[in-house]
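Q: The residues making up each chain are set out below.
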Amino acid sequence: MAIVILRGPLQKLAGEGSEHRVDGATVTELLRDLEHTHGALEGWILDERGIVRRHINVFVNGERVKQDAAVEAEDRVEILPAISGGAGTPAPATPPGAAIAAPALAALAAIPAIPAIPARPGSARRRPARPGH
Amino acid sequence: MTELLIGTRKGLFVLDGDPGGEFAIRTRAFVGEPVDYALREPRSGRLFVAVTSPFWGPRIWYTDDLEAGDWTPAAGVSLPRGGDQALARIWVITPAGDGAGRRLYAGGDPGVLFESRDAGATWELNRPLWEHPTRPEWQRDSGGLSVHSIAPWPGDPDRVTLAISAAGVWLTEDAGASWRHGNRGIVAHYLPPETREQAISLCVHHLERAPRRPERLFMQFHGGVYRSDDAGESWIDIAGGLPSDFGFTVVLDPADPDSAYVIPVATVDRVTLDGRVAVWETRDAGASWSSHSEGLPQRDAYLQILRQAFDGKGEGPDLELYFGATSGEVFGSGDAGATWFTVKARLPAISSVRVGR
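Protein chains in written order, with our numbering: chain A, 1 to 133; chain B, 1 to 357.
None of these hints come from the bench; they were simulated from the model. Take these hints with a grain of salt, some might be off.
Have a look at the derived ranges for each label pair, beta carbon to beta carbon [what the hints assert, rightly or not]:
(1) B:R135 with A:D23: 30 to 40 Å
(2) A:K12 with B:T267: 18 to 28 Å
(3) B:T134 with A:A25: 36 to 46 Å
(4) A:I51 with B:R299: 28 to 38 Å
(5) A:D23 with B:G185: 52 to 62 Å
(6) A:K12 with B:P80: 23 to 33 Å
(7) B:E124 with A:A40: 15 to 25 Å
(8) A:T37 with B:D335: 37 to 47 Å
(9) A:I51 with B:E173: 49 to 59 Å
(10) A:R54 with B:P193: 54 to 64 Å
(11) A:T37 with B:S44: 27 to 37 Å
(12) B:D300 with A:K12: 26 to 36 Å
Positions of the beta carbon are idealized from the N, C-alpha and C atoms, including for glycine.
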């Protein structure tokens, strides 16, 4: 089993901490199993077509991968919002829906931006899926 | 006190105030995320927002306690899994009206209607519209393929009129079990003349039903303003007298079935005409129109006002009107459009303006 690490709203939806042991030979299989186990995640990472949403990046052991990449036992898989999705803004610093009362609005400027993780050209792992999995 | 729900490219802004003065920002939610629509359901007070997260996709959220920020994602707002299409956006959320209990409708892209029978907690895709045999002929416009206007019949929630851009007007009398067109009389000048009569790809921009005379509807079309007196079966062009027949919005005075307000924009660039902002009103079902601009910018004001960014509260002489622009200004009127004031300026680009209460 690989270890999927969830943060932010995904962690909140899945509950039970940030690390989840999940079955699957590829990223796609892993994400489907994750959705199956944690129904509240359905539609958040994979859209109805089964495609990873456009502005989500998947990293395996620190390398950004495509969703057909193979995954092995004990691999650490992180699912993060891409820097491209916010039209120039960083990933949300507050959970979706978090209300901010008027007195706290000024404090927004003090919230530090989440550091962007650059996608290194050619770093995507292209290991084929293992036969039989 | 009036509550305004302002959907912007950077989140929901909830404003409070009284007509005539600047409104205050009471709270924000979904900070940094595109809020395409917001609605406070009048019977329950429940607040809904349609958010198209660039990361996590489109979703309807609701709360019964805005100040606590305790939002819940609604279930079932998605297309069938394993297909070749994904939900792109929710454009509108509409209560089914008097006598409809806890029923609501929501429309979205790609040309989809959802229905909830439990006050918005869970939703179900309307399959007859999703699987309609004419769907391959529907045409996307620059905003997508959107169900953006939903007009239930007061007292009969099974009877609904929809507008889809660009797939025209749709009518059901059986709670969405079957759908048929209501396009007679609409002329799409962007199509070759020989194809117009049978055209399905009709780009309706906004549609509203007169609550006191439900067989009457008003429509802002992609080049044309129309009225229907037969529940949407056929349409009469009423744009004569307007400075432009192009626009995106229409609001009615609930007390007067002969009333409509539109904001004409230029056909070429879709901004307010000649750098002046004006709201045009009819009180004779479109036979004549009058302009209201007192209190609105009259110089160098090229505003873009989107289809969900105009709404009203109350009726008759006390009708309040509010609209917002993509440049971040919100304008209001407390006297049925006679005079206007600036509600708020310098917000992010405004997608929707709805009166909360």
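Q: Now tell me, hint by hint, if it's right for this structure.
A: Hint-by-hint comparison with the structure:
{"no.": "1", "hint": "B:R135 with A:D23: 30 to 40 Å", "result": "37 Å, holds"}
{"no.": "2", "hint": "A:K12 with B:T267: 18 to 28 Å", "result": "47 Å, violated"}
{"no.": "3", "hint": "B:T134 with A:A25: 36 to 46 Å", "result": "42 Å, holds"}
{"no.": "4", "hint": "A:I51 with B:R299: 28 to 38 Å", "result": "48 Å, violated"}
{"no.": "5", "hint": "A:D23 with B:G185: 52 to 62 Å", "result": "59 Å, holds"}
{"no.": "6", "hint": "A:K12 with B:P80: 23 to 33 Å", "result": "27 Å, holds"}
{"no.": "7", "hint": "B:E124 with A:A40: 15 to 25 Å", "result": "18 Å, holds"}
{"no.": "8", "hint": "A:T37 with B:D335: 37 to 47 Å", "result": "58 Å, violated"}
{"no.": "9", "hint": "A:I51 with B:E173: 49 to 59 Å", "result": "38 Å, violated"}
{"no.": "10", "hint": "A:R54 with B:P193: 54 to 64 Å", "result": "40 Å, violated"}
{"no.": "11", "hint": "A:T37 with B:S44: 27 to 37 Å", "result": "33 Å, holds"}
{"no.": "12", "hint": "B:D300 with A:K12: 26 to 36 Å", "result": "46 Å, violated"}
Of the numbered hints given earlier, the model fails hints 2, 4, 8, 9, 10, 12; all others are met.
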